[in-house]
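K.L.:
Protein chains in written order, with my numbering: chain A, 1 to 850; chain B, 1001 to 1252.
Be aware that one or more of the hints could be misleading.
Distance condition first, Cα-Cα at most 20 Å in a straight line; then the derived EDC-like pairs of lysine to aspartate or glutamate [unchecked claim]:
1) K728/A x D1252/B
2) K473/A x D1118/B
3) K514/A x D318/A
Quick list of simulated restraints, FRET-style, between CB atoms [to be verified]:
4) A784/A x G1035/B: 49 to 57 Å
5) A1229/B x S798/A: 47 to 55 Å
6) D842/A x G1035/B: 23 to 31 Å
7) E1164/B x E742/A: 25 to 33 Å
8) A1043/B x A784/A: 28 to 36 Å
9) A1043/B x A271/A: 53 to 61 Å
10) E1164/B x A471/A: 31 to 39 Å
11) A1229/B x D715/A: 40 to 48 Å
12) A1229/B x R743/A: 34 to 42 Å
13) A471/A x R1070/B: 18 to 26 Å
14) A1043/B x A719/A: 19 to 27 Å
15) L502/A x S1115/B: 29 to 37 Å
16) H493/A x A1043/B: 49 to 57 Å
Every beta carbon over 12 Å from chain B, so not counted as near; a handful from chain A, in silico [unchecked claim]:
17) D254
18) R477
19) G530
20) D842
It is worth saying that the hints were derived from the structure and are not from the lab.
Cβ coordinates follow ideal geometry from the N, Cα and C atoms, glycine included.
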Amino acid sequence: MTLLDNPGVGLLPEIFARWFASRGWTPRAHQLELLAKAQAGRSILLIAPTGGGKTLAGFLPSLVELSAPVLPATATAERRRLMSTGRGLRRDGGLHTLYISPLKALAVDIARNLETPIAEMGLPIRIETRTGDTPVSKRQRQRRDPPEILLTTPEQLALLLASADAPYLFGSLKRVILDELHALVLSKRGDLLSLDLARLFRLAPSLTSVGLSATVAVPQELARFMVPQRGGVAARADLIVAEAGAPPDVTMLDSRERLPWAGHSARHALAEIYHLIMAHRTTLVFVNTRSQAESIFQELWHINDDNLAIALHHGSLDVAQRRKVENAMTGGLLRAVVCTSSLDLGVDWGDVDLVINVGAPKGASRILQRIGRANHRMDEPSKGVLVPANRFEVLECRAALDAIAENAQDTPPLRIGALDVLAQHVLGCACGEPFLACELYDEVRTAAPYAGLARADFDAVVDFVATGGYALKAYDRFARIREGKDGRWRIAHPNVAQRYRLNVGTIVAADMLKVRLVRSRASKVIPRGGRLLGEVEEYFVETMVPGDTFVFAGEILKYEALVEDQVYVSRAASEDPKVPAYEGGKFPLSTYLAARVRAIVSDPGSWRELPAQVREWLEIQQWRSQMPGPRELLVETFPRANKHYLICYPFEGRLAHQTLGMLLTRRLERARLRPLGFVANEYALAVWGLGDVAQRIARSELSLDALFDEDMLGDDLEAWLAESSLMKRTFRSCAIIAGLIERRFPGQEKSRRQVTISTDLVYDVLRSHQPDHVLLRAARADAATGLLDVRRVSEMLSRIRGRIVHKALDHVSPLAVPVMLEIGREMVYGEAADALLAEAADELVKEAMQ
Amino acid sequence: MRAGASAAHSRVSANPAAGSSPSRERADHAVVVAGLALVADPAGALYWPDEKLLVVADLHLEKGSAFARRGVLLPPYDTATTLARLAGVIERYTPRLVIALGDSFHDGDGPVRMSAPDRASLKALQRGRDWLWIAGNHDPDLPTDIGGSFAESLAVGPLTLRHEPSQSVSDGEVAGHLHPVARIAQRGRAVSRRCFAGDGRRLLMPAFGAYAGGLNVRDRAIFGLFGAAAFVAHMLGAHRLYAIAAQRCLPD
């Protein structure tokens, strides 16, 4: 279809056509197609690569509609006259378009970018943002006198909906634009947004939606997310796929250095990375964890003889610090930024001409989106270089390159709506206006993630919101919402609404501690003040003792003291940080990429594509042991230093392997094989103990099929969940999102732990008295995909059933070396806290006896 | 009579017939206070075999409903859980006297909110033995209909049992109130547990209640009490206790 055939061309008003021309632009086909469909009253999902004018396309229909004089062109004041809504008064005109972004900063940037065309065309359109930073007076004014276009976040939308004037505010709404939809739908924020959309579609009868997304595996699912489901056939938004830009130019760094067997530092490739930075205008260096970002930033500066402007950006750095880096980037002042997923989303930087991804790509779509951050121009290819940090990552990079060449996508399927998020929403609804349970149930099911919600589950959630949902009906008199004589549920007290507003949202950060830089402490005086460097998770500091050194904010720091929620650190003289493992933001290896890695491993014909040293490694493995087939599980056993090792290679990601390791050690314990510990990496799991597994197998006293039987996900899993700290952490976030307990806010006193309530204790009590409680069900659903990745373990166990290949070896195999090297670096035997206590107590005895 | 001579509000006589210790599978973990070897139970209770005297501290019964009253609807099973745990300890030692060392209820209205079944379990535990409620800061004035007798503190033999530890050095003092928790790091992992904290002269009891939180033994409130790191944290494990020197315990 040429541009002139596009039905949208005629729809573009003269003033817009002239504006495009004045910029030397031609409206793109997808922009006009979207305009045409929008004017026909359709909801639309636009899939476009970055740099394709996606945002402008999304806003174009609204700008065109708002530019047309609805009423005779008179003064604004007259246009905005009051009119009755049946429930109250609202202004004519009112809110026309709502834009939802996953990032507050993105909403602000987009608003600024839209001001330009609006001003240049002289359109009578007011555009405003509403974020957590918007002053109270402006918020109040926005409710009274809303702008035509409001840009905000899912959390702010939830807050706006949870008020009595929501019908007034949103009754006139014509369009909701959902930006970066592919990112939003992945998490509980997406669940919350889907519920808020359901509500918006009910409040605004003529509402349509526009979704903006990067390329995903199944766009139909996003299209379903955007429109109300009304039973039966799935309703979907129309799909527009923008013309793809030039295919990306992605290569793997063919390092001349020796490839490490394990680890994630990529130290061997730093000089080569530095030269790439020198050879390009602006480079984004993506890494997977904050610790990696910190160490690579450090190392780059060690060799930065040319004093290139290289900056650091990750989610734990202070916001002001991050904004500074972003602004410097916008101003073209930087040559490179070392960053984590903190820069996966955000405004386009046209100047970036190279994206380097250090470490495992983790997923094909994910790496494509990252590389798309380079060269935001459709006609030029984005340039990316993958830098594997160890040998296994070479395989993963190879698999990702093959996937990119085929333009294969591996974004995860749409979520099933979480019950804890629903609980938050139900309370929010009651804070707005009283609701009938049957009506709200119908409304909730129009949200795609909740389309299959059972009435019993909905009722359990309402019961939870009202009185906690306990079988023991002890709290009727303390109810938060009550059903009135009219059958409508309403809040029992105004302070319930107040509390709801403080706890809204689905992002439950680990308890964060502020890191402050002070002078090294000579005396015992507790330091105060100091410059704020950023925040770290509480559990990171948990294992440290004063004097320990670690890398943070690009510096080697010494841990001085913890006072309430402040960690005091000083600059360390040491060059060698003692605590290396500050891991943040780990993503699991995608199932799709894992399958591709298994395929490469099992097909020696494909090894030609691999660097020589990796090929050699695999060939020796084949000779000394063997390679697993694509659907097989290879299990190796060998003795080493008076211990017996069992290594298996599921290629299912670290989280799934940890869960598997936990369950396997339980079983080995029962088989009296006396397991001592295990470690997992992304590809393999190593378990060791005192019992000789190989001998037992040889004597047919132990069957690997039985050891890896799927029934380990029954009682063994249940028993482990009872004490798992990961499960307790999962439960904690469910309890906070659902509103069982309240968020802790900065400044609240933390030291008086006697009077605060620990969710671990609540978990223990609830689990033993009411194991089917709605929050425990929510936590178990999270565990299936979250920190425990149980679903992945389950799929793997069923895949390998009857396909386990055992190789009894005399000593460690080449393939086992990487995971064996993790021993000592990674935590061992995850949950046996009592064993650790015994060890500590024994050491004390030993000390005393010497 | 071996009752102590301190200015206690209540006294009991020592039991001359005591000494036969009940048969138990677990190895007893001894803690010494004022020369007496007492048995510390992994559930967090303290037993004096000679006197057949069992001490538990900070039960915080009805903490769940106290939170619920403020709109935080914690599972209403904490009282039942705590009493069941207490029943297990009582069954293990069959004490002649049970002493609840203060903050037995999370607040003064706790007994009123207690459910009928929980009330019945409490009565069952009290049957056939003496029961003494020591006053705590959360529950200074308990209603009398919950059974047992009441005191501000108790002196028995060389021991003085009271809720809040005294600031001056106090030989033979057994106290609660502070909910000690110890934290150690081993193999890169930290483990936190409730604990007894003692230096041979004074013993701090762990909180026994299902919802009772904890305070790190390195906190000034506890550290200061012992003057320095010269005490041992007896951390509660699943089946036994683990003695860890205070210097080895980590701050939060």
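K.L.:
Is it true that the CA of K514/A sits at most 20 Å from the CA of D318/A?
P.N.:
Distance of about 9 Å is within 20 Å: holds.
K.L.:
Just to be sure I understand the hint, the distance between the Cβ atoms of A1043/B and A271/A should be within 53 to 61 Å; is that true here?
P.N.:
holds (60 Å)
K.L.:
State, for the Cβ atoms of H493/A and A1043/B, whether the hinted interval 49 to 57 Å holds or is violated.
P.N.:
violated (39 Å)
K.L.:
Could you tell me whether the CB distance from A1043/B to A719/A stays inside 19 to 27 Å?
P.N.:
holds (21 Å)
K.L.:
Starting from the range 18 to 26 Å, see whether the pair A471/A and R1070/B falls in it by beta-carbon distance.
P.N.:
Taking Cβ atoms as reference, A471/A and R1070/B lie about 22 Å apart, which means the hint holds.
K.L.:
With the threshold set at 20 Å, check whether the alpha-carbon distance from K473/A to D1118/B stays at or below it.
P.N.:
Given pair K473/A, D1118/B holds - Cα atoms ~14 Å apart, limit 20 Å.
K.L.:
Please settle this one: D254/A was flagged as non-interface, so is its CB more than 12 Å from every CB on chain B?
P.N.:
holds (35 Å)
K.L.:
Using the C-beta atoms of A1229/B and R743/A, is the stated range 34 to 42 Å upheld?
P.N.:
holds (35 Å)
K.L.:
Return holds or violated for the Cβ distance of E1164/B and E742/A against the range 25 to 33 Å.
P.N.:
holds (29 Å)
K.L.:
Do the alpha carbons of K728/A and D1252/B lie within 20 Å of each other, as the hint requires?
P.N.:
holds (19 Å)
K.L.:
The hint says 49 to 57 Å between A784/A and G1035/B; measuring C-beta to C-beta, is that right?
P.N.:
Between A784/A and G1035/B, where Cβ atoms are some 56 Å apart, the hint holds.
K.L.:
Range first: 29 to 37 Å. Now tell me if the beta carbons of L502/A and S1115/B are that far apart.
P.N.:
holds (31 Å)
Hints 16, 18 and 20 from the earlier list are contradicted by this structure; the remaining hints agree with it.
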